[in-house]
Amino acid sequence: MSGPATSLAARTSRSHTAPKLAASDPPWLRRAVLGVAVFAVLAFLVAPLAVLFAEALRKGLLAYFASFTDPAAWHAITLTLTVAAIVVPLNAVFGVAAAWCVTRFRFTGRSLLLTLLDLPFAVSPVVAGLLYVLLFGAHGWFADFLDEHDIQIVFALPGIVLATTFVTLPFVARELIPLMEQQGDDEEYAALTLGASGWQMFRHVTLPNIKWGLFHGIVLCNARAMGEFGAVSVVSGHIRNQTNTLPLHIEILYNEYNFAAAFAIASLLALLAIVSLLAKTYIEWRAERNAA
Amino acid sequence: MSISVRNLRKTHGNFVALDDVSLDAPAGKLVALLGPSGSGKTTLLRQIAGLDTPDSGAVLLNGEEVTSLTPAARGVGFVFQHYALFRHMTVAQNIAFGLTVRPAHRRPSDKEIAARAEKLLELVQLAGLGNRLPAQLSGGQRQRVALARALAVEPKVLLLDEPFGALDAKVRKELRRWLRRFHDEVPITTLFVTHDREEAMEIADEIVVMNRGRIEQHGTPAELYDRPATPFVRDFLGEVNAIAFPDGVRHARPEDISLDPAAPGAAKAPKARIIDISPAGALTRVFLELGADRKPVEALITRREYESLNLNEGDLVPVTLRRELRVTPEASPFTEMGSGI
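If you read the protein sequences in the order shown, they are chains G and X.
1 is the number of the first residue of the first sequence in the working numbering; add one for each residue after it.
293 is the number of the first residue of the second sequence in the working numbering; add one for each residue after it.
Be a bit skeptical, because a hint or two may be false.
What the hints assert, rightly or not - Output of the computed footprint for chain G on chain X, the stretches with three or more beta carbons under 8 angstroms from beta carbons of chain G:
1. 357 to 370
2. 385 to 399
3. 510 to 519
These are calculated hints, taken from the structure and not from any lab test.
All C-beta atoms in this analysis are idealised placements derived from N, C-alpha and C, irrespective of residue type, glycine included.
Here chain G stands alone, though its shape is the one from the complex (with noise of 0.2 angstroms):
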């Protein structure tokens, strides 16, 4: 994950490099690399997108939209809205605090606690769920004490927040950490030693500061949690109109053979990621303008 800032230097020195390097090769070897790159966009981005559009739309809008209006597709949409609802927040604030600790303070167990911010990129998202599953499932350690206060939370909601949470967790916090670490503390200080109080600080000099990459942060944390499937899958248990993802509905649609269906849905869920995309590229904008 690269912030705003170093995505930006990044862009501008291969812009200085780039036509230096690229005149004092051979027209044919240009051509070449040129074409494997367009080649790779078209057969890897362009073509699954189109081919995904298509199949959706094969039976016409009218199967399309029904799609949408099948119970279970809408419950599986409202689950996911909720899951989202509940995760990102959660994740800002965590991510915000994090980045806060470990760019304004040097304590101990500052690496063990960047090492861990990076655990759930490391691990795969199947052995996340399977953790939970350990913890809190029928036979997991804190079974009894579960079941003896009528608690659910594997093969139900609570469950797949805790999965979600849990896989994207290091989005926030690591778009962060490089941009306060430029950004550096005197700006902090700075409004201390004008008598400011530690939220007046908070709210009017550090927040302005980090919003775009917060928001950036945000954007793609939200199209993970929406998007997860690995984690949720072990932990939701695949009840369909009470534990199902809109990915997991995928999958269920595309089992069952109903592939107009399972392909509408995908369609939304292609939709929030070229949404979430022209938001990024749109906060990277704003946020070289207001350098500039």
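Given the coordinates of chain G, assemble chain X onto it according to the supplied hints.
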């Protein structure tokens, strides 16, 4: 309002940043904290501001202990090396910040705040630039905005961390003269950190020389230059020659070295060979080599003297001292003031 520091100690792991530092900066003075990088001067400034807490020791403002108070409660204005202006706020908003964050019962009206900001902009000679963003200002202008912002809350003392460090040479010279005049108009006790001895000598009323977390000497620029208390101060405050005479090594500033054969004692003086002469400007710099081990010696003589002596590269001339530079421990009256507030 005076600034005092008592037996301040601060360590970072094994590194001793401040080692039993005591200091008194009298009210209304412009005092420089001078030293090489890593000498602890910025650390000391941050302790006084309350941006950092000492391991032990006390900070007193006007005789009252403030060691456990927050920066705001101490009433210090702090100007950061890289200005630390709020980048998303206009210049006027930056200056007004300290007033706008006040709790409602102590906050002036919006009109009053705007008027105060405008007045401060005039004071730092930036009238009319209130609507700009910090990024649209030059380095020197940003520094003055930072100063205006610190002054807006009417601090009792002003602390400046390398105020001219990030500016180019020409702006730096202009701005430090401006600061001197500014301080004469607004005589608030000011402590500024610098590693540039010329800067400190030019504008400070008093200089505190720091080295390795300790204060080497505290005195007026002239005292430090002419009567250094330690070899470090002697070497740090100006160029110095160490010349081996038959009766031992003596030190002298380049301007206190005479190359005149008619000077008293010249007949018995050691002789040095002139290897280079740079006669640019009002003073002429003469580079010599002394004795068999060809020790470098530098003399600074007036143009008139240079012409009348008819010096040429390759000449062998006697080296005498107009004035010897002796290290005189405890020379400064300030080091004895330590116990009294």
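Numbered hints the structure breaks, given as an ascending list: Structure breaks hint 3 only.
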